[in-house]
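Here's the letter readout for the chains.
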Amino acid sequence: MSAQGWRDLTPGAVVLDAGNAREVKTGTWRTLSKPVLKEENCSNCMLCWLFCPDMAVIVKDGKMVGFDYDYCKGCGICAFECPGKKGQKAIVMEEEKK
Amino acid sequence: MARVAAVTGNEAVAEALRQINPDVCAAYPITPQTELMQRFSSFVSNGKVDTEIILVESEHSAMSACVGAAAAGGRVATATCGPGLALMWEMLYVASGMRLPIVMAVVNRSLSAPLNIHGDHSDAMGARDSGWIQLWSENVQEAYDNTIQAFRIAEHLDIRLPAMVCMDGFIISHSIARIDYLEDDPVKNFVAEYKPVHPLLDLDNPKSFGPLILTDKYHEYKRAQHEVMTRVKDVVLAVAAEFEKMSGRKYELFETYRLDDAEIGLVILNSAAGTAKDVVDSFRERGVKAGLLKPRLFRPFPYEEYAQALKDLKAVAVLDRADSFGGYGPVFMEVCSALYPLAKRPVAINKIYGLGGRDFLPQHAAEVFTELEAIARTGRVKITKEYIGVRE
Chain A
1 MSAQGWRDLT PGAVVLDAGN AREVKTGTWR TLSKPVLKEE NCSNCMLCWL
51 FCPDMAVIVK DGKMVGFDYD YCKGCGICAF ECPGKKGQKA IVMEEEKK
Chain B
99 MARVAAVTGN EAVAEALRQI NPDVCAAYPI TPQTELMQRF SSFVSNGKVD
149 TEIILVESEH SAMSACVGAA AAGGRVATAT CGPGLALMWE MLYVASGMRL
199 PIVMAVVNRS LSAPLNIHGD HSDAMGARDS GWIQLWSENV QEAYDNTIQA
249 FRIAEHLDIR LPAMVCMDGF IISHSIARID YLEDDPVKNF VAEYKPVHPL
299 LDLDNPKSFG PLILTDKYHE YKRAQHEVMT RVKDVVLAVA AEFEKMSGRK
349 YELFETYRLD DAEIGLVILN SAAGTAKDVV DSFRERGVKA GLLKPRLFRP
399 FPYEEYAQAL KDLKAVAVLD RADSFGGYGP VFMEVCSALY PLAKRPVAIN
449 KIYGLGGRDF LPQHAAEVFT ELEAIARTGR VKITKEYIGV RE
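Protein chains in written order, with our numbering: chain A, 1 to 98; chain B, 99 to 490.
Keep in mind the hints are simulated off the structure, nothing from the lab. Possibly wrong hints are sitting among the right ones.
Pair by pair, the computed Cβ-Cβ distance ranges are [unchecked claim]:
1. A/17 x B/354: 43 to 51 Å
2. A/88 x B/153: 50 to 58 Å
3. A/22 x B/153: 38 to 46 Å
4. A/45 x B/188: 49 to 57 Å
5. A/22 x B/406: 50 to 58 Å
6. A/18 x B/422: 44 to 52 Å
7. A/53 x B/153: 32 to 40 Å
Lysine-lysine pairs mimicking BS3-like chemistry, simulated, CA-CA at most 25 Å apart [what the hints assert, rightly or not]:
8. A/25 x B/305
9. A/25 x B/315
10. B/480 x A/73
Even for Gly, the Cβ is constructed at its ideal location relative to N, Cα and C.
I would like the entire structure built from these sequences, with the hints used as guidance.
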């Protein structure tokens, strides 16, 4: 990570730049599979957005429109929680091609 | 204008806290500190201060609440002793690592087992490496004066570190002695209004305290913490000089007593130093060049200044009211570290005394001086670390 020397640190390790989680791209941790949106089964209930431990769910105008994979660790919580429509999930985990 | 009174050490420190009027105080009662916070609680109940008192279920929680309140941006004080300080251990390091200038009175008490409530320095010596500034006090007056100065030192913008003010349990905390109190206004002006750095309650500038710092930067943060400590002694002296202008009472990094031309000397902390000074006088009357050094600022430890003060002695005895089982006493280790770089240095011995409140009597100091006379004459040490005042 950074090569900051001890003289340049904020006293007491206080984090002053709010929202700096954006700089940590947890998507690099993803290994096995990633969530994929099946729009036809999505009711925009926002449970995926609520449960996502990072900020991988992209919401525009009150609608779930897809994933920002830079912040997706591939944990699968969104797919697990997704109620979908008529028994069909709107989020499914797909194996990633390396 | 001074107010002369007869008070216990606990009463004196509670009075200092009343005059300072901290924003928040979280404490848990433990003998012999209980009276201190009990008296301060009365000030809160009677509207003499605006302090928010937080009642907690343990010392760990007390220090946790202090850390939270200090991070929020408040001026925070607390007090504890012995096992209470031991239970705070984890949070002591959090307070210093987060650079929160909490001031804590430590009424020195022994640690269990066996269970003992009396005066002994094992508690604060154990907290030696916690990153807190430590000021030690011989008597009621010094406990009061050090408490007032501790706020200025801890809160200094070059420092921002927590500070503990130590005084001997029961011997000082519960014994009534003469004190010159300062008036309220000069004390309030001296400590001045507290200006927090990065307070959490500054909602327009959101921030986080206590992040996870792994191998990438932890080493650097600890290096930075040491650097802050190296600035403390200059601030301690500057604050002392200002305090002297206000009070007429002089404080330094340590006190020397008839040490300038001394050939043999004692290094001894807190209340026992008062007893030992009388013995220095009686040896001086017999023509023996005896002297004494009483530490005040123990953390950070001013090594160069100790070396300068002690370098011309032929023999020095460091008396510790705390032990390191299987090691030397904590003050002895520091003094030896200070002396080692000198090409010519005094012979040094270590005596452990007064554990668990055992009285330190003039005869104990006299025995040590007599032994030092022989060492100064012959240069020979029989045993480096010994217990004094112990029944065989």
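Hint check results:
Separation of residue 17 of chain A from residue 354 of chain B is about 49 Å and conforms to the stated range, judged on CB atoms against 43 to 51 Å. The beta-carbon spacing between residue 88 of chain A and residue 153 of chain B, approximately 56 Å, falls within the hinted interval of 50 to 58 Å. Taking 38 to 46 Å as the suggested C-beta distance range, the pair residue 22 of chain A and residue 153 of chain B conforms, at roughly 41 Å. A hinted range of 49 to 57 Å is violated for the C-beta pair residue 45 of chain A and residue 188 of chain B, which are about 43 Å apart.
The supplied range of 50 to 58 Å is met by residue 22 of chain A and residue 406 of chain B, whose beta-carbon atoms lie about 54 Å from each other. Checked against the hint of 44 to 52 Å, the C-beta distance between residue 18 of chain A and residue 422 of chain B comes to roughly 45 Å, which is consistent with it. The given range of 32 to 40 Å is respected by residue 53 of chain A and residue 153 of chain B, whose C-beta atoms sit roughly 36 Å from each other. For the hint linking residue 25 of chain A to residue 305 of chain B, the alpha-carbon distance of about 20 Å falls within 25 Å, and the restraint holds.
Straight-line distance between C-alpha atoms of residue 25 of chain A and residue 315 of chain B comes to about 19 Å, which keeps the hinted pair within the 25 Å bound. Proposed proximity of residue 480 of chain B and residue 73 of chain A is contradicted: the alpha carbons are some 68 Å apart, above 25 Å.
The structure does not agree with the numbered hints 4, 10 stated previously, though it agrees with the rest.
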